[in-house]
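We have chain A; now place chain B onto it with these hints.
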Amino acid sequence: MSLLLDALRQAGALLIGGDGEVWAVLWLSLRVSGTATLVALGLGIPAGVALALGRFWGRNLIVSAVNTGMGLPPVVVGLFVSLALWRSGPLGFMEILYTPAAIIVAQAVIASPIVTGITLAAVQNVPAKFRLQLLALGASRPQMIRIVLREARLPMLAAVMAGFGGIISEIGASMMVGGNIKGHTRTLTTAMVLETSKGNFDVALALAIVLLVLVFLVNWALTSVQQRGSAGR
Amino acid sequence: MTGNDQARSVLELVGVRVQYGGTVAVEVDRLEVLEGEILVVIGPNGSGKSSLLRTMGLLEPPATGAIRFKGQPVDPRGVLTARRQMASVFQDPLLIDATVFKNAALGLGFRRMRRADLAPRVRPWLDRLGIGHLAERRARTLSGGEAQRTALARALVLRPALLLLDEPFAALDQPTRETLIVELGRILRHDRITTVMVTHDRGEAMSLGDRVAVLMAGRIQQVDQAARLFRSPVSEEVARFVGVETIVDGEVIAAEDGLATLNAGGQRVEVAAAARPGDRVRLCLRPEDVSLAIREEVAASSSRNHLTGTITDLLAQGAHVRVTVDCGFPLMALVTRRSVEDLRLAPGSSVVAAFKATAAHVLPRA
Chain A
1 MSLLLDALRQ AGALLIGGDG EVWAVLWLSL RVSGTATLVA LGLGIPAGVA LALGRFWGRN
61 LIVSAVNTGM GLPPVVVGLF VSLALWRSGP LGFMEILYTP AAIIVAQAVI ASPIVTGITL
121 AAVQNVPAKF RLQLLALGAS RPQMIRIVLR EARLPMLAAV MAGFGGIISE IGASMMVGGN
181 IKGHTRTLTT AMVLETSKGN FDVALALAIV LLVLVFLVNW ALTSVQQRGS AGR
Chain B
1 MTGNDQARSV LELVGVRVQY GGTVAVEVDR LEVLEGEILV VIGPNGSGKS SLLRTMGLLE
61 PPATGAIRFK GQPVDPRGVL TARRQMASVF QDPLLIDATV FKNAALGLGF RRMRRADLAP
121 RVRPWLDRLG IGHLAERRAR TLSGGEAQRT ALARALVLRP ALLLLDEPFA ALDQPTRETL
181 IVELGRILRH DRITTVMVTH DRGEAMSLGD RVAVLMAGRI QQVDQAARLF RSPVSEEVAR
241 FVGVETIVDG EVIAAEDGLA TLNAGGQRVE VAAAARPGDR VRLCLRPEDV SLAIREEVAA
301 SSSRNHLTGT ITDLLAQGAH VRVTVDCGFP LMALVTRRSV EDLRLAPGSS VVAAFKATAA
361 HVLPRA
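Protein chains in written order, with our numbering: chain A, 1 to 233; chain B, 1 to 366.
By construction, these hints were calculated from the structure, which means they are not laboratory data. Check the hints yourself; a few may be wrong.
Said to hold, decoys possible - Some residues of chain B that are not near chain A, with every Cβ distance over 12 Å (derived):
#1 A82
#2 A116
#3 G328
Stated by the list, open to error - Distance ranges between label pairs, derived from CB positions:
#4 B/R137 - A/A128: 46 to 52 Å
#5 B/A170 - A/Q124: 21 to 27 Å
#6 B/S9 - A/G42: 44 to 50 Å
#7 A/L154 - B/A116: 46 to 52 Å
#8 B/K70 - A/Q124: 32 to 38 Å
As the list claims (entries may be wrong) - Residues from chain A shown here face chain B by an in silico Cβ test under 8 Å; the list is partial:
#9 Q133
#10 G138
#11 E151
Yeah, the Cβ is synthetic: ideal placement off N, Cα and C, and Gly gets one too.
The following block holds chain A by itself, in its conformation from the complex:
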């Protein structure tokens, strides 16, 4: 018990004291996971819309694959992205293994099915007759999709939260493709594993608190937007 209290006290000191390394790690995590979330939104929203509104051969197969992908284990993604980015691998020429870019790739792979799946559900949840009404008012197909996404903005925000929340706290892929290189690819989670294994519980706890606060802040911000959209004007 005293170990925990000690660790907590020291963690507080580290945070308040403004330990440079903690903040560097935080900043990298934010940048990497934020970028990966944006990439996942860019891929997942169009894919989700296409799957929700399209009727094409193989659609059910893809939907099943997306649903499976929503629970993709990060280590598995880490393994495949490592293989792809390996010097002799198909994308080896890019030479980005063990760089933040590699982590972005891996995390985007993890988050894309999540965004796709939630978008798919959100768009399907908007009744078909609502879409028909928009077309009947003279909407082109892109205009119709824009309004449908706007109507589904609450579940769409859930997609952003779920995507970001999933990858900021992910460890397997970051470790495998990033390599936990100090000052280069060390993220909140990989640093936490390292510090815990070294017995530096205070640092690990400080990082854990930072991670929790970060995830909370992001969700809080998005929830506020969501609630402003639903209540009052």
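Showing chain B alone in chain A's frame:
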């Protein structure tokens, strides 16, 4: 429709068939919507009304057939352009989660109207529909009637060349519905907005329709001026659907000057119709055209037909009572609650049922 000049056709369906899988939902040989008219399509649930309206609104391509909009055939590339000259209102208001104003301006946005031009265009319509004071309210806080008014404003601001209404009053409560029908009718007639409305409610068809089409099992049975259609249905099926309740077999025993005398169930009935003695016919009578009296002398003297019978059944329906009189055949009459009380009508009472020769209608019978 003024003078002799031919009203222009806004929409024309020729040989249109809509089908789902192998099932034919609607099959229309020819149907035309004329400029400035209100065409009401009535039919029972599942008769294909909504499919027909979606096809007319270019929201669903027909399996076969041609659609002409403003005299021009609609080709696949021109669908959006043509559709942007139309507007639809459905049973559910289907509003977006925004203010009433933004909802009403939605279609203008699709047409890329400048933001500054929106208010002058939208505000007057909100006022005309009695929702001007709700402009800044969020749509989800509206009552059913207010929401449907918003949906109507959203369609009318587009000044559509063709307005399509799919059971727009079906989800509203009675008083709201009645008020809105009157107000909408006034707007449509004042602005001469070409309109097609589908409904299962013949009351709505009677109050709004210039012309009425009856759709049953996917086929148009009759299209006519509203008054004529309700007076002279072409078949027993249509007659029943448009509210004829007494349908009885008879035979023409005498005919002169457009007045035919029938023998129907042993009663002599005079009908204003061209017929020849010996014709086998079917007599059609609407219950609201029949009045009841206790004695012959007090029965409406302007009515040619006075049939004596016995009441077999009374069924209260709102402010009215539906009375079945056995006078050789079951005759249906719709009378006020008040007259049931005044005349002390009860099962077993003897009454005189009176109706005009012009109120009755005859159908040929094989």
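We went through each hint and held it up to the structure:
1. Residue placement check: B/A82 does not keep its beta carbon more than 12 Å from all beta carbons of chain A (closest about 10 Å).
2. At roughly 20 Å, the least C-beta separation between B/A116 and chain A is larger than 12 Å, which holds for a residue marked as non-interface.
3. Listed as a non-interface residue, B/G328 keeps its Cβ farther than 12 Å from every Cβ of chain A; the least gap is roughly 50 Å.
4. Checked against the given bound of 46 to 52 Å, the beta carbons of B/R137 and A/A128, roughly 27 Å apart, lie outside it.
5. Here the CB-CB span from B/A170 to A/Q124 is close to 26 Å, well matched to the stated 21 to 27 Å.
6. About 48 Å separates the C-beta atoms of B/S9 and A/G42, a value consistent with the hinted range of 44 to 50 Å.
7. Distance hint check: the CB atoms of A/L154 and B/A116 are about 31 Å apart, inconsistent with the given range 46 to 52 Å.
8. Evaluation of the 32 to 38 Å hint for B/K70 and A/Q124 yields a pass: the beta carbon distance comes to about 36 Å.
9. Below 8 Å, beta-carbon pairs count as interface contacts, and A/Q133 has one with chain B at about 4 Å; its hint therefore holds.
10. Restraint check, A/G138 versus chain B: the minimum CB separation of about 4 Å is within 8 Å; hint holds.
11. For A/E151, the shortest C-beta to C-beta distance to chain B is roughly 6 Å, which falls under 8 Å, so the interface hint holds.
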